[in-house]
Amino acid sequence: MKNSVNYEYEEEKGLKISKEEEKFYLASQWQLTWWKFRRHKLAIGGSIVLIILYLLAILCEFLSPYTPTTRFSGYSNALPTNIHSFDENKKLHRPFVYGLKRELDMKTFQYVFVEDETKKYPIYFFVRGEPYKFWGLFTTNIHLFSVKGDVPIFLFGADDLGRDLFTRCLYGARISLSIGLVGVSLSFTLGIIIGGISGYLGGTVDNFIQRTIDFLISIPTLPLWMSLSAALPRNWPVVKTYFAITILLSIIGWCGLARVVRGKLLSLREEDFTMAARLAGASEWRIITRHLLPSFTSHLIVSITLSIPSMILGETALSFLGLGMQPPAVSWGVLLQDAQKIASVALYPWRLIPALFVVVTVLAFNFLGDGLRDAADPYAR
Amino acid sequence: MLIPLLLVVSVVSFIIIQLPPGDFMTTYIANLKMSGVEVAKDEAARLRILYGLDKPLYVQYLMWIRNIILYGDFGRSFQWNQPVKEILADRVTLTVIISLLSTIFVWIVAIPIGIYSALRQYSVFDYTFTFLGFIGLSMPSFLLALILMWFLYSQFGFSMTGLFSPEFVTAPWSIARVLDMSKHIWLPIIIIGLSGTAGLIRTMRGNLLDELRKQYVIAAYAKGLPERRLIFKYPVRIAVNPLISTIGWMLPGIFSGEALVAIVLNIQTIGPVLLRAVMAQDMYLAGSITLILSTLAVIGTLISDILLAWLDPRIRYGGVTE
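Chains E and B supply the protein sequences, listed in that same order.
The first sequence begins at 134 in the numbering used here and counts up by one.
The second sequence begins at 348 in the numbering used here and counts up by one.
Hints are not guaranteed to be accurate.
Computed Cβ-Cβ distance ranges for the label pairs, DEER-style [to be verified]:
(1) B:LEU479 with E:LYS474: 21 to 31 Å
(2) B:LEU479 with E:LEU412: 47 to 57 Å
(3) E:VAL493 with B:TYR418: 50 to 60 Å
(4) E:ASP293 with B:TRP533: 30 to 40 Å
(5) E:SER400 with B:SER529: 48 to 58 Å
(6) E:LEU165 with B:PRO459: 34 to 44 Å
(7) B:LEU447 with E:ALA415: 50 to 60 Å
In silico negatives: residues of chain B with every beta carbon more than 10 Å from chain E [what the hints assert, rightly or not]:
(8) ALA377
(9) ALA392
(10) GLN407
(11) ASP437
(12) VAL443
(13) PRO459
(14) ASN588
Where chain E lies over chain B, by a calculated footprint (3+ residues, C-beta under 8 Å) [claimed, not checked]:
(15) 480-492
(16) 496-502
(17) 599-609
(18) 618-630
(19) 635-643
Quick caveat, the hints were computed from the structure, so don't treat them as lab data.
Glycine included, C-beta positions come from ideal geometry on N, C-alpha and C.
Could you build the full structure based on these sequences and the hints that come with them?
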């Protein structure tokens, strides 16, 4: 008797599903994934940060007050400019900067920059400054913000040639952030083709490919990259070096993706729905593209997201050592070359700011990837 | 498995040596020219024959390998004007020592934290370490080295570069030198180990959480086993297994990290030599370093496989029945 009561109770409960539940049952897989992803606060934070960073990189010409090669003589190693909102009478003022003057510090006998409180330079938006070619399309000279007059504004300080570090960080983001995407799309293509062949053909081919991957994974990447990059001529143009570095990074990068593709293909091949499709007379191509690929796209997206940081770090490390991008080009790694000597970092700690960009980017990608991994399988628990 | 892998490693290293345009002699002659010594054409040709550079590539490869296996002769570094073997002998030892200590550090730190995080899931401790773990994973070791160095230098005014105090750098090995090294070695070890630690904590925590949900653990709890004994006797032992198999991929990472951190902290290991060699296209040196590091990593992976088979008989027997 007791059993049947229970059964009836369940039945009743089942009939009266709330609006919320109904929405849940009717939702598509992508919708469920999105809902689950939305709950992961860190991942949302990570994606917002990434969107901002990529916007900075895309719009860097407009957002930065100068160009990465603009030199301000007399301002080498100038410290980050303070932005003031109150003037000397404690009255609210349009944000402004003071002029800088160099003074000899009588204790250390080094020149230091001191704010010259007699000269005020307000900050203006949409200032006409140095001309640049926006995205290589049209020439303009409007910068988001700058100061009028002959003093520069250095949000992050200046390097030893008197170039604005903030501007250079934004331009550096362009190379550093894009190399991750380009590198990943390259290794993704390689990974999906090789992994697909490996999982699909099986047998000797599979064995051979798997051993190759084993080998590539078991050698220390950095020494290999370093040795390989030694073969790159130093005088190559920026674009050529860029692609060479990307290819270098992808040599190792595709392995992980190929493994994911192969593993998923192997396990999904045995699933009932594959068998059903086969019995229904679907062609192999249709099974792969219509049934197998969609079932592991989410996993692929996760692996891709998680492999972008290692690309970015690889480029940064190589450029930092002077083996990656070469100086006229600007990337975060190139900027960090200035921070190699501990004595210079101690004097000019703002030289470490590009490192902050790298860490924040990688952290954001990791959070995003973690959230995506949780969301990738919306039916689990 | 080991022998073919090592063969491939050696071929790749040889390719690296051959990659830059020209050969050993071209660089050698260019260097002599720079210092003002003119080398006659036939003299160059004679030298080429002497070093076997006129022979086809595969013969050169076989000669190179034969010299390494029979005499431990890796070729000559023109940059140092010394046999590669002499340059590297001491440094390889240091690299291995630092890498091993880092691995041990990773284990000692990560396993207890991982266990505790899993047992007290979602506690403040767990969250703290999850967060720290993420930062550890995202912080490349060379940046950490830079930042720590700057911090120590600006706050306490001491420079953490090098592995020895100045008076010990070139001194022969002695007890005093080892003691001096132990004063400096901890910073690189922590820096190199940190990213590995972060990853390992995550793995350990995940593994143990999976085990803790299993029925045998619930049964053991129900039976009234004290928690400490229960946890360490069963689930931890099983959860540690995958950790050992991860040494395989941890080692290459540690070697990479070691090379970079050594360059930043200016430690007398393989890293800085590799950088200089690569910069000067001193290919015998660069290729040998790639060969040595890869060989070490491959051997490390093999050891981890053996350890795993010893720890977990299922893998051994599974292999036999296949």
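Evaluation of the provided hints:
{"no.": "1", "hint": "B:LEU479 with E:LYS474: 21 to 31 Å", "verdict": "holds (29 Å)"}
{"no.": "2", "hint": "B:LEU479 with E:LEU412: 47 to 57 Å", "verdict": "holds (52 Å)"}
{"no.": "3", "hint": "E:VAL493 with B:TYR418: 50 to 60 Å", "verdict": "holds (51 Å)"}
{"no.": "4", "hint": "E:ASP293 with B:TRP533: 30 to 40 Å", "verdict": "holds (33 Å)"}
{"no.": "5", "hint": "E:SER400 with B:SER529: 48 to 58 Å", "verdict": "holds (49 Å)"}
{"no.": "6", "hint": "E:LEU165 with B:PRO459: 34 to 44 Å", "verdict": "holds (37 Å)"}
{"no.": "7", "hint": "B:LEU447 with E:ALA415: 50 to 60 Å", "verdict": "holds (54 Å)"}
{"no.": "8", "hint": "ALA377", "verdict": "holds (15 Å)"}
{"no.": "9", "hint": "ALA392", "verdict": "holds (25 Å)"}
{"no.": "10", "hint": "GLN407", "verdict": "holds (17 Å)"}
{"no.": "11", "hint": "ASP437", "verdict": "holds (18 Å)"}
{"no.": "12", "hint": "VAL443", "verdict": "holds (13 Å)"}
{"no.": "13", "hint": "PRO459", "verdict": "holds (23 Å)"}
{"no.": "14", "hint": "ASN588", "verdict": "holds (19 Å)"}
{"no.": "15", "hint": "480-492", "verdict": "holds (count 8)"}
{"no.": "16", "hint": "496-502", "verdict": "holds (count 4)"}
{"no.": "17", "hint": "599-609", "verdict": "holds (count 7)"}
{"no.": "18", "hint": "618-630", "verdict": "holds (count 7)"}
{"no.": "19", "hint": "635-643", "verdict": "holds (count 4)"}
The structure agrees with every numbered hint stated previously.
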